[in-house]
Amino acid sequence: MHNQEYKLYEELGALARFVDNAKNAISTASPQILSSSAQLPTAASHLSDLSKITEDGTLEVMRLTEMMQDNHSQIAKDLFAVVEVLRAMDCVGLAGRLGNVTSVLAQDGKYLTEIMTALSFQDLVAQRVKKLVAILDEVQGKLMKLVVVFGLQGSCEAASDKGAAGHLLKQLEESKTTAMKQKVADDILAQFGFK
Amino acid sequence: MPADPSMKVLVVDDMVTMRRIVKNILKQLGFGNVDEAENGQEALQKLKTDTFGFVVSDWNMPVMTGIDMLRAIRADEKLKAIPVLMVTAEAQQSNLIEAVQAGVSNYIVKPFTAETMQEKIAKIFK
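Protein chains in written order, with the numbering used here: chain A, 1 to 195; chain B, 1 to 126.
Okay, chain A solo, but in the shape it has when bound (with noise of 0.2 Å):
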């Protein structure tokens, strides 16, 4: 009986160091725990800005493309327009250069199709980067449970500014409000006689 209690303690001590050893080792972590879920939200906004910017980008290309297909569009109904005069007034050598232009014409406005159908990157990209936020908010959501589990200490401000991540998430968010538009170069360059 005695040895069986003497066990019973010795496993008891094991399990208490095992769990001292676990919490100190998390209280060692905290900071970058800290600096960490703090760090997350950010860089999921940022995430979500650059599906923005690749939607926007895409936008303006498939803009400028629809114009390029509207006027392949009316090109070919004039130069057909015009081939058919020619081939009434027998020129029929004419007709036919011209008649290879619309070929050519034809030819572009698949590329320009092409270009359009090219564009379906950006839904792959904004599909993941979806994903990615998702995962970014579980996984912060995962280190606030230990931060409030474990009861660690300190400011999440402060932590978040610490490190090679802390500091690069910094430049993104300062380039938010600090990146020069065109317009302000162009004002700052013709101020040094540049025209």
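Treat the hints with care, as some may be off.
Straight-line Cα separation of at most 30 Å, DSSO-like style, residue types lysine-lysine; simulated pairs [claimed, not checked]: (1) 110/A <-> 8/B; (2) 120/B <-> 130/A; (3) 130/A <-> 110/B; (4) 110/B <-> 110/A; (5) 46/B <-> 52/A; (6) 27/B <-> 110/A; (7) 126/B <-> 110/A; (8) 77/A <-> 120/B; (9) 110/A <-> 120/B.
Output of the computed footprint for chain B on chain A, the stretches with three or more beta carbons under 8 Å from beta carbons of chain B [unchecked claim]: (10) 55-63; (11) 117-124.
If you anchor each label on the Cβ, the simulated ranges turn out as follows [as the list claims (entries may be wrong)]: (12) 56/A <-> 91/B: 23 to 29 Å; (13) 4/B <-> 145/A: 55 to 61 Å; (14) 75/A <-> 8/B: 28 to 34 Å; (15) 75/A <-> 33/B: 23 to 29 Å; (16) 91/B <-> 145/A: 32 to 38 Å; (17) 191/A <-> 33/B: 50 to 56 Å; (18) 56/A <-> 63/B: 21 to 27 Å.
These aren't lab readings, by the way, just hints derived from the structure by calculation. Glycine residues also receive a C-beta, built at the ideal position from the N, C-alpha and C atoms.
Following the hints, complete the assembly by docking chain B onto the known chain A.
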């Protein structure tokens, strides 16, 4: 390509860029009458209040997914005959099988080419 050039097509996708791409290809193919919806629920409302001859839909969408919309279309007496082309990033075989079982008319995996879409639409309307 369309049997009836006035046939109305519904493009369903939560991404504005994808709707624009699909509309552009449809226009090249002669489908000039195209309407849009941002999710399955909005699409079903449009399908019930207007007459459409063809639906091109994404799979992953908020509110109601493309596969749920497809099942709802096939379960509706008035809508079940409408061809539905699924254009999706869901490239797992299980997704394709699920779509086929739900009654999809054809299936395109993103990223795709205009040629692929033309070919799939031609098959639907042959």
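Keeping to a limit of 30 Å between CA atoms, is the pair of residue 130/A and residue 110/B held or broken?
17 Å, holds
Given the hinted pair residue 27/B and residue 110/A, is their Cα-Cα distance within 30 Å?
Since the Cα atoms of residue 27/B and residue 110/A sit roughly 13 Å apart, the hinted pair holds (cutoff 30 Å).
Looking only at beta-carbon atoms, does the pair residue 75/A, residue 8/B fall within the given range of 28 to 34 Å?
29 Å, holds
Is it true that the CA of residue 46/B sits at most 30 Å from the CA of residue 52/A?
Between residue 46/B and residue 52/A the Cα gap is close to 28 Å, so the pair holds against 30 Å.
Status of the given 23 to 29 Å range, CB of residue 91/B versus CB of residue 56/A
For residue 91/B against residue 56/A, whose Cβ atoms are near 27 Å apart, the range 23 to 29 Å holds.
With a Cβ-Cβ cutoff of 8 Å, does the stretch 55-63 of chain A contain at least three residues near chain B?
holds (count 4)
Status of the given 21 to 27 Å range, CB of residue 63/B versus CB of residue 56/A:
With a Cβ separation near 24 Å, residue 56/A and residue 63/B satisfy 21 to 27 Å, so the hint holds.
Between residue 110/A and residue 8/B, does the CA-CA distance stay at or below 30 Å?
24 Å, holds
Outcome for the supplied range 23 to 29 Å, where the beta carbon pair is residue 75/A and residue 33/B:
Given about 25 Å between the Cβ atoms, the range holds.
For residue 110/A and residue 120/B, compute the direct alpha-carbon distance and say whether it is at most 30 Å.
17 Å, holds
Lying within 32 to 38 Å: is that true of the beta-carbon distance residue 91/B to residue 145/A?
About 34 Å separates the Cβ atoms of residue 91/B and residue 145/A, which means 32 to 38 Å holds.
30 Å limit on alpha-carbon distance, applied to hinted pair residue 77/A and residue 120/B
28 Å, holds
In summary, the structure agrees with every hint in the numbered list given earlier.
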